[in-house]
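Kindly generate the complete structure, drawing on both the sequences and the hints.
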Amino acid sequence: MAESVLSRRHFLGSGVAVGAALVLGVDLKTADIAAATPTVRAAFAPDAFIRIASDGKARLIMPQTEMGQGIYTALSMLIAEELDLPLDGVTLEAAPANDKLYGNPIFQVQATGGSTSMRGYWLPLRKVGASARAMLVAAAARRWRVAPESCRTEAGAVIHDASGRTLGYGMLAASAMLEKPPAEPKLKEPADFRLIGRSHHRLDTPDKANGVVQYGIDAMPPGVRFASLACSPVLGGRVARVDELQAKSLPGVKQIVVLEDMVAVVGDTSWAAMRALAALDIIWNDGPLAAVSTETIRADLHAAANTEGHVAVDTGARAKLSGDGVISAAYELPLLAHAPMEPMNCTVHLTPGHCEVWVGTQAITMAQRAAAEEAGLTPEQVTVHNHLIGGGFGRRLEVDGVRKAVRIARHVDGPVKVIWSREEDIGKAPYRSVYGAWLEAKLDNGKPVAWSHKVVGPAVIGRWLPPAYDGKIDIDAVDGAAETPYDFPASYVEWVRHEPRGVNTAFWRGVGPNMNVFATESFIDRVAHEAGADPLAFRRSIIGKLPRARAVLDLAATKAGWGDPLPTRSGRGISLQYAFGSFLCTIAEVSVADDGAVTVTRLTTAVDCGTPVNPDGIVSQIQGGMIFGLSAALHGEITLVGGRTQQSNFHDYRVVRMDETPRIDVHVVTNAEAPGGIGEPGTVSVQGAVANAIYAATGVQLTRMPIDTALLAKDRRA
Amino acid sequence: MISIQVNGEQRDVEIDGDTPLLWVLRDVLAMTGTKFGCGIAQCGACTVHIDGVPTRSCRLPVSQVGDRAVTTIEGVGATSAGRRIQKAWLDLEVIQCGYCQSGQIMAASALLATNPSPDDADIDAAMSGNICRCGTYVRIREGIKQAARHG
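As you go down the protein sequences, you meet chains A and B in turn. Just so we're aligned, residue 1 is where the first sequence starts under our numbering, counting upward by one. Just so we're aligned, residue 719 is where the second sequence starts under our numbering, counting upward by one.
Be a bit skeptical, because a hint or two may be false.
[Said to hold, decoys possible] Taking beta-carbon pairs under 10 Å as the criterion, some of the chain A residues facing chain B (in silico):
hint, residue
1, 208
2, 223
3, 226
4, 240
5, 252
6, 256
7, 274
8, 532
9, 627
10, 631
11, 656
[To be verified] Selected chain B positions facing chain A (in silico; Cβ < 7 Å):
hint, residue
12, 720
13, 723
14, 755
15, 757
16, 792
17, 849
Source of the hints: derived by calculation from the structure; they are not laboratory data. For every residue, glycine included, the Cβ atom is placed at its ideal position computed from N, Cα and C.
Structural data, given as structure tokens:
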């Protein structure tokens with residue numbers, strides 16, 4: 001087994017252990033917790049997460065960021081399950097910046113991404129709930145002078161059946177604080193779950209249906225002014241000259257801030273700022289990266305493929321990849337923007353010795369540290385108000401926007417809200433990197449006896465979370481390649497680190513597995529084709545060690561009607577994956593018009609993410625994640641000319657809309673395994689499934705996303 | 719001074735008349751439920767009703783509103799269609815991040831107010847101007863149908 005996979009397991013494993021200790025607060029005094037959390041005083045504050053007032057009102061502190069994935073509800077369910085706390089009426093509150101109290105048990109920093117929340121918090125937050133429950137029971141038992149074991153809890157109250165007595169948690173709140181938390185709180189057996197496993201309405205959505213919810217972009221500190229910014233269109237470019245004359249005379253303009261690498265206008269409204277910014281004549285010194293284009297980026301990627309990388313898996317495949325029956329193919333993914341619906345924004349108020357930040361971030365302590373660096377302060381002097389996020393998808397794991405907003409705020413008297421135009425958001429953002437994959441397999445008697453997969457792509461983990469990078473293998477870059485659902489007798493997986501020139505790269509929903517599963521599943525279909533085998537039967541014949549993979553494959557195939565006749569130039573395609581701790585199979589159905597236009601008519605998915613905490617939330621994440629992936633497959637591509645991004649807004653960076661949305665059926669497998677991640681897997685599964693469906697419909701295997709319809713026109717077919 | 723009627727209330731604003739309604743609502747009246755998404759009427763996040771007609775407020779100069787009634791997400795629940803759409807949205811858990819949903823709800827309630835039982839083609843036509851990056855379209859479609867059934 002590869003060292004990288006082992007070290008990854010070690011990393012994840014130790015992360016959970018350390019995180020559990022921290023989040024349980026076993027090494028923290030209550031006073032530390034109270035001082036570190038923003039909550040008003042509550043009678044019962046046994047840890048960093050639970051506050052119960054003497055009137056019984058409960059609030060829960062959310063360590064993870066809610067960006068639509070439903071994590072506020074699911075994490076609350078974990079605490080409430082073990083605490084027997086009714087969720088109706090519970091108030092949720094975003095945790096303040098504090099890695100020690102609220103660090104993601106897997107990342108060990110306070111960050112939300114990589115489909116880690118439920119995997120990281122499944123046990124820790126249940127223990128938090130169980131521990132608090134034990135303290136409340138102990139307080140009631142002491143008051144009643146009965147054995148704690150003779151009490152039970154239900155719906156926010158401790159009950160002693162023998163004497164018919166009941167005390168609500170509010171009544172016990174103060175006295176329960178005097179009880180000692182149990183050393184090892186006892187968790188419920190799954191059979192006793194009342195919440196986990198049953199669909200619960202989301203706690204964050206009512207305020208999102210009536211305009212009440214406040215995202216970062218809605219922050220309105222008193223006296224706030226509004227700024228719009230323009231960064232260099234070429235990465236690394238510098239402002240050469242700015243003609244301010246016309247812009248200055250426009251109504252509502254307060255200030256023009258010219259910095260080395262960006263220009264901002266501050267106005268009475270965002271519109272006044274945007275209009276004046278557009279009226280500025282800014283001359284840029286582009287610098288050397290003006291030579292970068294999509295062609296140079298692709299050429300660099302292909303050149304990197306000819307260099308030697310680090311070996312993630314080697315079970316003797318290379319020696320076998322010669323002679324007859326060797327098949328090879330290469331696959332490639334383009335640059336992508338995240339384009340969350342809430343444009344990037346950050347509001348900053350700098351005063352002597354203090355910096356206040358209003359933002360929606362997936363990484364609050366990174367945002368805090370970034371603001372501190374730019375403001376010349378310590379992190380303790382920076383208060384970050386985190387918000388619900390209007391779409392993250394990895395974009396808000398980056399804190400470049402916070403840095404820029406603080407740099408602008410240094411020149412502004414009073415609070416300033418900096419909002420990126422959509423053109424800045426799409427045209428000058430960190431992108432999902434280009435990736436390439438070079439694969440080889442050897443068929444012997446219709447079976448793949450050797451499998452080789454060379455991945456070329458950036459080390460996003462290596463940059464973003466250095467402690468998780470051993471300098472050899474970026475665990476995200478090989479995720480979905482180093483471990484596949486299949487039993488190959490001999491494998492070889494290699495990764496070449498390649499950071500594309502001229503762009504910054506970032507995580508993007510689905511992360512490494514987007515590339516690796518697309519490549520693996522496309523190549524499986526190619527190899528099956530060479531073997532003359534049906535793609536479903538071929539996969540079934542090479543799955544052994546992971547029966548859960550076979551189960552989702554079979555379930556999806558049954559539900560999708562695999563093998564049922566289809567019209568001409570229509571087809572079905574499979575993508576099967578094991579990533580983020582979850583098993584998932586998607587079967588796409590497509591029809592391809594004579595001119596090559598592709599219509600995805602149906603997506604059928606079976607998912608096994610272990611214990612389904614909030615089943616409807618899982619369905620929702622798969623539905624939405626697949627639409628995100630479908631946008632990439634059908635339309636997604638950022639291109640560069642002269643170092644400048646050619647796309648600017650939703651007219652030329654297209655995403656799937658209602659009229660392109662296929663029928664989607666999601667089937668959730670129920671079991672008692674530990675939960676896997678669910679935010680990314682749906683996105684990951686789409687490109688391979690759609691490409692394989694097109695392969696089945698036309699005989700053309702696309703090796704690059706997005707779909708190039710010109711390759712699929714009927715008269716073009718060889 | 720420009721006077722506009724928002725959710726039944728007359729509001730006077732001291733603002734350059736070229737300013738799009740979106741920014742008057744958000745930055746002057748602090749009604750932040752209406753969202754900025756693209757600025758070029760491509761995404762629908764800023765949708766409001768002008769005399770019941772779904773309109774992209776990011777491209778509508780406030781001086782052109784005149785005496786027509788502006789309804790925003792903060793006020794749409796007072797209409798029958800708006801109330802039914804909001805309820806269906808919560809019943810079916812349509813919403814994920816929610817940022818586009820003000821616009822989705824405004825577009826959907828305008829559709830329902832003029833077409834009590836829209837079919838799939840009607841929904842495609844009315845809703846394809848509203849982008850959702852979370853990909854909630856399947857549930858938006860179902861939500862509109864449920865709200866129509868409960869009319």
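Residue 757 of chain B was flagged as interface toward chain A. Is the shortest Cβ-Cβ separation under 7 Å? Result: holds, 6 Å to nearest chain A Cβ.
Hint residue 256 of chain A vs chain B: min CB-CB distance below 10 Å? 18 Å, violated
Measuring from the C-beta of residue 849 of chain B to each C-beta in chain A, is the shortest one below 7 Å? 6 Å, holds
Status of the hint placing residue 627 of chain A at chain B (closest C-beta pair under 10 Å): With Cβ-Cβ at 3 Å, under 10 Å, it holds.
Residue 240 of chain A as an interface hint toward chain B, with CB separation required under 10 Å: Violated: closest Cβ of chain B sits about 27 Å from residue 240 of chain A, beyond 10 Å.
Does the nearest C-beta of chain B fall within a distance shorter than 10 Å of the C-beta of residue 226 of chain A? 6 Å, holds
Cut-off 10 Å, beta-carbon criterion: hint that residue 274 of chain A touches chain B: 7 Å, holds
When the least beta-carbon distance from residue 532 of chain A to chain B is tested against 10 Å, hint result: 37 Å, violated
Residue 792 of chain B was flagged as interface toward chain A. Is the shortest Cβ-Cβ separation under 7 Å? With Cβ-Cβ at 5 Å, under 7 Å, it holds.
Cut-off 10 Å, beta-carbon criterion: hint that residue 631 of chain A touches chain B: Check passed: Cβ of residue 631 of chain A comes within 8 Å of chain B, closer than 10 Å.
Cut-off 7 Å, beta-carbon criterion: hint that residue 720 of chain B touches chain A: Because about 13 Å separates residue 720 of chain B from the closest Cβ in chain A, which is outside the 7 Å limit, the hint is violated.
Interface hint status, residue 723 of chain B versus chain A (Cβ within 7 Å): 18 Å, violated
The structure fails hints 2, 4, 6, 8, 12, 13 (numbered hints given earlier, in ascending order).
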